[in-house]
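Please model the entire structure based on the sequences and the hints provided.
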Amino acid sequence: MASRVFYGWRVVAACFVIAACAWSLGLFGSSVYLQAVTAAHGWPVADVAMAITLFFLVSAAAQRPVGRGIDRWGPRPVLLLGVACMTSGVALIGQVSAPWQLYPSFVLLGVGWSTLSMTGITTTVAPWFERHQGRSMTLAIMGASVGAIAGVPLLLLVIAGLGLGPGLIAAGVVVAVLLVPLIWRVLRFRGPADIGLQRDGHVPAATAETVVLTPPIATSANSRLLLWSAAAAFALGLTVQIGFITHHVALAEPLLGTAGAGLLVSATGVTAFVGRLILARIVDGVHVRHLACSVMVAQSAALLAIAVWPTVPVLIAASLVYGYGIGHVTTLGPVVVRREFGAVAFGATYGAAATVIQFTSAFGPALFGFLRDGFGGYAPGLVIAAAVTMSGCLALLIGGEIGKRGGAPA
Numbered sequence: 009m010a011s012r013v014f015y016g017w018r019v020v021a022a023c024f025v026i027a028a029c030a031w032s033l034g035l036f037g038s039s040v041y042l043q044a045v046t047a048a049h050g051w052p053v054a055d056v057a058m059a060i061t062l063f064f065l066v067s068a069a070a071q072r073p074v075g076r077g078i079d080r081w082g083p084r085p086v087l088l089l090g091v092a093c094m095t096s097g098v099a100l101i102g103q104v105s106a107p108w109q110l111y112p113s114f115v116l117l118g119v120g121w122s123t124l125s126m127t128g129i130t131t132t133v134a135p136w137f138e139r140h141q142g143r144s145m146t147l148a149i150m151g152a153s154v155g156a157i158a159g160v161p162l163l164l165l166v167i168a169g170l171g172l173g174p175g176l177i178a179a180g181v182v183v184a185v186l187l188v189p190l191i192w193r194v195l196r197f198r199g200p201a202d203i204g205l206q207r208d209g210h211v212p213a214a215t216a217e218t219v220v221l222t223p224p225i226a227t228s229a230n231s232r233l234l235l236w237s238a239a240a241a242f243a244l245g246l247t248v249q250i251g252f253i254t255h256h257v258a259l260a261e262p263l264l265g266t267a268g269a270g271l272l273v274s275a276t277g278v279t280a281f282v283g284r285l286i287l288a289r290i291v292d293g294v295h296v297r298h299l300a301c302s303v304m305v306a307q308s309a310a311l312l313a314i315a316v317w318p319t320v321p322v323l324i325a326a327s328l329v330y331g332y333g334i335g336h337v338t339t340l341g342p343v344v345v346r347r348e349f350g351a352v353a354f355g356a357t358y359g360a361a362a363t364v365i366q367f368t369s370a371f372g373p374a375l376f377g378f379l380r381d382g383f384g385g386y387a388p389g390l391v392i393a394a395a396v397t398m399s400g401c402l403a404l405l406i407g408g409e410i411g412k413r414g415g416a417p418a
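Take 9 as the starting number for the sequence shown in my numbering and just add one per residue.
Since the hints were made in silico from the structure, they are not lab data. Quick caveat: nothing in here was measured; it's all calculated off a predicted structure. Hints should not be assumed to be uniformly reliable.
[Unchecked claim] Label-pair distances were calculated between CB atoms; the ranges are:
| # | residue 1 | residue 2 | range |
| --- | --- | --- | --- |
| 1 | Arg289 | Ser105 | 22 to 32 Å |
| 2 | Leu402 | Pro189 | 39 to 49 Å |
| 3 | Ala395 | Pro321 | 18 to 28 Å |
We put the beta carbon where it would ideally sit given N, CA and C, even for glycine.
This is the structure we're talking about:
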């Protein structure tokens, strides 16, 4: 098992590919399904958005079992189950002929998303690193940006070329063929101890370099409040973020057309990718709560700009600014928990927080849909979304003060 490259980085690379596929068919794919299904069948946006909300609710319910399952059995069986569910769900979405049929399809997609997204990937990576805990998680989740850059345009292209049904079957088959052998081959170990190493690739020997492990910060009576302040903050931020992403194509289409909206989503993914690149360089040396809060402020400003000045230049610029923060808000949740609570039983600890985050954020698509239908446009809903995001920022600051009193570093 000797290698010049620590095996943990292979795990990160595999998770990068998994994230690219999962975000393509899952989070960012939901925007395509909303647009394509409503266009194909003429169903109300709110009806399809409710099915997408079920997708996120099912994923939320599965977060803690996914984390515990990976802690107990390792990532391979859990993630393989996720691939089977996600690809089957995507294929079935293209075959629906009545609105009720969307619900079982999105249930399958939700189970798959729960295993292949944030909790599954970060729990897979967490045991392998200590000094590079933030960087390794950020690089693994960076695949999500590839899903935004390539996934949405490719899904729109294949649906336009093959039709909704055959196109989604083709997408599911391609992802299954790519991910099944990758997961089977690379994710066969639970952590470095399985190959006789310590975290970060150090050899456990008397003559080896001494590894100073970062102790968990949350060791006081404030730890429960510390955990749930992070959960509340990222729940609010991601409720808006998932709602915005799901409706991004529909929001942009009146000004840019379908092709232009797809390109804007792709460009937003590029800025998210750039944001993750920068985050990977700085995350292990900054106060992560303060960083997440500053990003939420910028995202709130972007949402307000789109609401107040609904023009093509503002829509494009604000979408790019909002996109830059997508990777930060998505990635910093597990990084905060990993830094404050350590690697031991990370899956169960973050899984508990992720359940709250996902249950809350699951209502993002439906919330945007109801606000859009209720107000007759997206602008009032965007103002409300900005206020919700700022509430998440406030929760982060309050949680930071709690942690400071409990001994967390500034």
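I'd like to know which numbered hints this structure contradicts. Please list them from smallest to largest. 1
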